[in-house]
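Peer 1: Two chains, two frames, a set of hints: combine them into the complex.
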Amino acid sequence: MSDLDLDSAVETFAEEAQELLVDMENALLALEDSPDDSEMINSLFRAMHTIKGSSGLFGFDVIVSFTHEAETILDQVRNGEKNLDDTLISVLLDCKDHTTSLLEHCIEDSSQPLSDELKAVGDKLVVKLTGKNSSAELQVATTDILLESIGEGTDLNDSWLISLAFKTDAFRMGVDPLSFLRYMKTIGKVQAILLLTSELPESDEYDPESCYLNYKIAFKTDANKQTIEDIFEFASDDCDINILPPNSKVEEYISLLEDQDEDHVQLLGEMLLNAGVLTETDINKAIQKQSDTNEDEKPLGQILVEQQVVQHGLVDKALQKQEKVKKKVATESNFIRVDSAKLGHLINLVGELVISGAAMNLMVERHGLPDVEDVAETMGSLVSDIRDTALDLRMVPIGETFSRFRRVVRDVSKELSKEILLTITGGETELDKTVVEKINDPLTHLIRNSLDHGIETPEQRLACGKDAQGNIQLNAYHESGHIIIQIIDDGAGLDAEKILAKAISNGLIPEDHNLTEQETYNLIFAAGLSTKAQASDLSGRGVGMDVVKRNIEGLRGSVNIGSIPGQGTTITIQLPLTLAIIDGFMVEASKERYIIPLSMVEECVEMNSSEWEVDEVSHYVNLRGVAMPYLRLGDYFSEHGKSKKTERESLVVVGFGQNKAGFVVDKLHGEHQTVIKPLGKVFEKLAGLTGATVLGDGNIALILDVQGLIAKAISK
Amino acid sequence: MSIAVNEQKEGLTLLTIQDEMTIYNVLEQKNTIYPHLKPDHELQIDLSAVSEIDSAGMQLLMFLKNEAIRKQNELSFIHHSQAVVEVVEMFNLSSFFNDPVVILADWNDS
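Listed in order, the protein sequences are those of chains A and B.
Numbered according to numbering that gives the first Met the number 0, the first sequence terminates at residue 715, and the numbering increases by one at each position without gaps.
Numbered according to numbering that gives the first Met the number 0, the second sequence terminates at residue 109, and the numbering increases by one at each position without gaps.
Looking at chain B on its own, in the form it has when it is part of the complex (with noise of 0.2 angstroms):
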């Protein structure tokens, strides 16, 4: 399994995405994560083992944030691997996530 699903406490859930998202998988992860989103509950997704991302992750990323403030879930996204932040960056969606991100001492801005 990919996402390690882990309920922290009564509200809130903790999901590990642990595999690169791209176009090959985003339909599982999709299937599996979007359930998590309920209204009333608080979802964190670490994206800490995120090696790789494409467009196609970044739009289901997208999508999720969309949903879970249509839901009223409180969804944030946490531990961006570098790869995540650069594409983030690349398109220029930092303000739409709105999450705390780490930037890495050796990441440099191209």
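If we strip away everything but chain A, and leave its shape as in the complex, we get (with noise of 0.2 angstroms):
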């Protein structure tokens, strides 16, 4: 192997160990939830597994000794030996960490020895995994003893065991035991019976005309199950049935199991009925009982081996074989890992195809062809297809980057001493990779400021009536075209008096200022209002609220922050759902073209004085009884403040969140796809301006941050 292939194997391989880490400790923490998840341990169990096999092959020795003995640990636990209980999972949520330090170390340059502090956290948590073993548990299998207490002398290993245990009013509805057995004797060769007289009640008691007959035999046959279910049909309603298959016709289940397709995941009851180890009834029994008890926790297999109608070794092997296909379908699947730099070009090259769509539609529009008129329709809405298809490629959930704030709460709340409980929800919805990459930071921020500053202590939670257990809540969910977060802690809610007072000594606000309440809370984003008086180390980190706005507003998003006191404060981010393509509105104002994002047009009217009761000193407009700003585009954007008044104006409605503006404009061109480009350097600071995009002619429109100029309108 070349240097080169091995740097770039390395980097796969830091790439997937990353991943099996962070899907480590999203197990971790689900099982502290529900603590018996095989599923969940056996993915603990594979990402040490996985990242120790993989750092053999490099040679990082350190990572494999480390992960070595974790998934000794592990190992012990997925076979049911050691049980995984809180302290556990804390040490082993710190030999995630241990071995994400490692890996850095080792792909930094693995010829450097350890550093000392490393060394030692990985001697103590080695220490911590190995010192103690809880005492081992082995289940015994519940079939074993019922062999045992029939057939002595014979070998029952070819025979089917069938259970029957007679409801009372079997004899009164017709059923006779005697009658089966009969039967069955046609059938196949009964080897042993056992009838358990133990049920038989004393005395008066008894009821002659009642059954209590339960009886277990050992039915030596070649037909096979539902046959044998077909016996007891007919009593079926006052007889509970259970029938578990031969020793002897184990081997041939697991090999029809073995051969079962390997194309998509089945459901274990599924391969169990196709493999005839089980009939339908047993697992409609199964799954009833597992509604019926809200059993939700304990997994299928166990209660039909708890049942007896099947054999702890083949449901194991059925697992087995669901686990293998699942992992096959897994990596065959569905997913290609693409470089995200070539996904950007497509959408670049889908931005230009969109660009020289429009350039086409244009010529067709000059020359007046009506056949080419056609195509270019048809190619036209093509061309939307493939660019919502190009750019739905770069969408993910939202959900990924959320459950990484599970680790923050946990470790913070810890730190903090305060019980939080963190809820997820509209982890589902989708939004531009870039755009998750770029809201990780803010986000972090903001939670770490709702855990520290928003929700109190117990002592204080319980003093106020309220739970000692804080919640937060991330919530997520698409809004016209955006997609909302929301930060929701019921903790102490902000201080508005605090807020004023700090930002009128600060030179913020004046004294006389008439700022709503919302107004007042949205301060906390200002630049200069700094809380560093109660800052501690977790939410002193360097990002400040004003940076978290700022970049959450360079995403063209908003954020907006509502409290109640006492009861709590949620913070809201409203955020564009891609960064490349969006659908605009074009609009025409003293021979410049502007777009603005359709999603955030609401109406367009006709600017007519009489009608609206215009304002022409302090720029506001009735429409319909409401008052509403408005800024003449023409106006604002030219070079001498004011210009020539048209004979037909329109108004643009606008709204963003709760506010809402009137655009007017000389002109409506309508729909537009807009290929956003940024502008340079140069223009950075331009207010009211995202952005531009190149129009089918060959011409620039801008693209208004309809935001800035409603907040503009409202102040003017």
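Some hints could be false.
With a Cα cut of at most 16 angstroms, we get these calculated EDC-like pairs of lysine to aspartate or glutamate [to be verified]: (1) B:LYS37 x A:ASP203; (2) A:LYS184 x A:ASP237; (3) B:LYS29 x A:ASP203; (4) B:LYS29 x A:GLU204; (5) A:LYS184 x B:GLU85; (6) A:LYS184 x B:GLU88; (7) B:LYS64 x A:GLU228; (8) B:LYS70 x A:GLU208; (9) B:LYS29 x A:GLU208; (10) A:LYS188 x B:GLU41; (11) B:LYS70 x A:ASP203.
Partial list, derived from the structure: chain B residues whose beta carbon lies under 7 angstroms from chain A [to be verified]: (12) LEU13; (13) VAL25; (14) LEU26; (15) LYS29; (16) THR31; (17) LEU42; (18) ASP53; (19) ALA55; (20) PHE62; (21) ASN65; (22) ILE68; (23) PHE90; (24) ASN91.
What the hints contain is simulated information worked out from the structure, not anything from laboratory work.
Glycine included, C-beta positions come from ideal geometry on N, C-alpha and C.
Peer 2: Right, here's the structure in full:
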């Protein structure tokens, strides 16, 4: 392997290991809630095992020796020899962190010896891991007892074990257990029979017409399970029937399971049914039981074994098979790793395609070719489909970002000795990967803030009459072309007086201000308003609230804060779904073309002075009884500050959040697929614009920063 | 009366069941036989005339046996008819009753 190959291989390894570690962390955190999830435990084991294996390949011995210890423990956990309790989960979380550090160390320069600090941490963890062994508990298969009690001296390996427990009404319903036995003799040989008499009541409680019989039969036959079950079908309402396949059949079933189609993942029940191990009745009964007893956590396999309709080994085998298929499907599947640069390139190309599409439409229109128009239209709709699909490729659910905060919340709440529960909703909401990446830091900061300043200590909470456990909720949903992310806590809320006092003393607002509550809260995003007095190492991580706001606005989003004192704070972040291409609405003012994001356009009306009671001085219109500020785009962007009024003007009503404003323009051009091109550095500070786009005819149209302009219009 | 009661001697009663033992008459049979289970008393039940027995009948025999043990009454079943033997065998209960069973020569184990 050349150096180059090796480098790229190491890179792949690092990426894969990181992913596994993230999985591991998620699994650990999930296991805190449901400690018996074998799937999760398996994924822990896999993570350590795979990292150990691959590290060995590259000679990263420090990782190998450390992960080996963790792997050993996890293997014990997996086999039920060790309990996965909270302490162990904490240690394993630390192990995950340590593995990450080791990984970084090795990737940077594996020839360097490990720093003493890292070494000490590792040693301590190993001691914690291996130090105490909780006593091993092993399950004894119930079926073995059954086997022993019946057939002494008889080889029952080839026999079906049938347990019949009749209900008391069986005789009265005309069921005679004897008749089953007689019939069974016709299709096979009853090798042993055990009649349980312990159920028989004493003296007067005995009702001769009730049935108290319970028997277990070892039955040798060539018939399959369904046939045997059919014998008892007639009595199925009056009798609990369990039919356990013979041990010798297990082999056969295993090979049947082995041969099953590997193309798609089947449910456990389905697999066992297809192999003929179980009948549909068995499965329905088990599922019924699962839902009846609220034993949701109990896996179906376990219930089946407990009901003695299937051997433990078979369930294990089926589960293994299922796992194998799952893995195969997962690896084969449907995911291709693509370099994000390639995706970016594709999106750029699609952007160009959109522009040249627009140019073509222009030509078609100019030359008035009706037959070409049809073709152009079809192509236009295809192009917009391609655009959507290409953008969709970059869409990722926000859930992954959200679940990273589980760890943050967990660690911070431990550190601050607060009890905080994080609830995540709307994790499936998708948005552009680039946006996701850029929103991570601001979100972290906001969440830390909520944890640190928002949620009170358990004592304070109890004193206020709240639960000792604080709640913080991360929520996401789509709304008119935007994604809304909310951070909701049920903490103390913001202290408006304090904020105002601080803002006045910092000279941010005049003393005779008349700010609304909302505006007051939003002051905490102002640059000068530092909360340093109460900052800890948690929320003083160098990103102030002003930076948070700037970052979010840099993504063409907005952030708002709402608070009810004593009840909590809600921070709402509004972000565009994508940064590349939007549906725009093109307008013209003073011969200049502007694009307004279509999702923000609420309506267009004729600017009719008499009807709308236009107030030319303070720039207000009365739109159907509602006063609304307006802005003349021509005036606003023209050099001289005043532009010529044209005959027909239109008012485009735009809305962002709760704010509304009108833009007065000369002409409406309608919808336009807009490829956003960033403005150069020189124009970065320009208020009211977020970017530009190239039109079909080669001209430039400016994309309006609606949010900024609304603020401008309101303040005027 | 489908059950003939004979006081053989002091402390020994012989009951002869002269009917089938099925779900249709187990209740009546239980009510007749049960009072005869007295402590320190011997009871013999002749099954030779039982032409047919079903699970309910068999269950009654088991119940009687259990009760006899509980009440320290000596109970034995005698002269099992072919129908009874067949069912006892089928349920694998001969060791439970522990009665000497006469197997007729023409009785064929299937």
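Peer 1: Against chain A, run the beta carbon of LEU42 of chain B and see if the smallest gap drops under 7 angstroms.
Peer 2: 15 angstroms, violated
Peer 1: Regarding the hint that ALA55 of chain B lies at the interface with chain A, is the smallest CB-CB distance below 7 angstroms?
Peer 2: 5 angstroms, holds
Peer 1: Was the hint right that ASN91 of chain B lines chain A, CB cutoff 7 angstroms?
Peer 2: 5 angstroms, holds
Peer 1: Is the interface hint satisfied for ILE68 of chain B? The criterion is a beta-carbon contact with chain A at less than 7 angstroms.
Peer 2: Not OK, violated: ILE68 of chain B not within 7 angstroms of chain A, min 11 angstroms.
Peer 1: Take the shortest C-beta to C-beta distance between LEU26 of chain B and chain A; is it under 7 angstroms?
Peer 2: Holds, about 5 angstroms.
Peer 1: Is the interface hint satisfied for THR31 of chain B? The criterion is a beta-carbon contact with chain A at less than 7 angstroms.
Peer 2: 11 angstroms, violated
Peer 1: Minimum Cβ distance from ASP53 of chain B to chain A below 7 angstroms?
Peer 2: 5 angstroms, holds
Peer 1: Does the nearest C-beta of chain A fall within a distance shorter than 7 angstroms of the C-beta of VAL25 of chain B?
Peer 2: VAL25 of chain B check passes; min Cβ-Cβ to chain A is 4 angstroms, inside 7 angstroms.
Peer 1: If you draw a straight line from the CA of LYS29 of chain B to the CA of GLU208 of chain A, is it 16 angstroms or shorter?
Peer 2: Within the cut-off at roughly 10 angstroms; holds.
Peer 1: Would the hint on ASN65 of chain B be counted as holding, given a Cβ-Cβ threshold of 7 angstroms to chain A?
Peer 2: This interface hint holds because 6 angstroms falls under the 7 angstroms limit.
Peer 1: PHE62 of chain B was flagged as interface toward chain A. Is the shortest Cβ-Cβ separation under 7 angstroms?
Peer 2: 5 angstroms, holds
Peer 1: Verify the interface restraint on LEU13 of chain B: the C-beta must sit less than 7 angstroms from at least one C-beta of chain A.
Peer 2: 21 angstroms, violated
Comparing the model with each earlier hint shows violations of hints 2, 7, 8, 10, 12, 16, 17 and 22; every other hint is respected.
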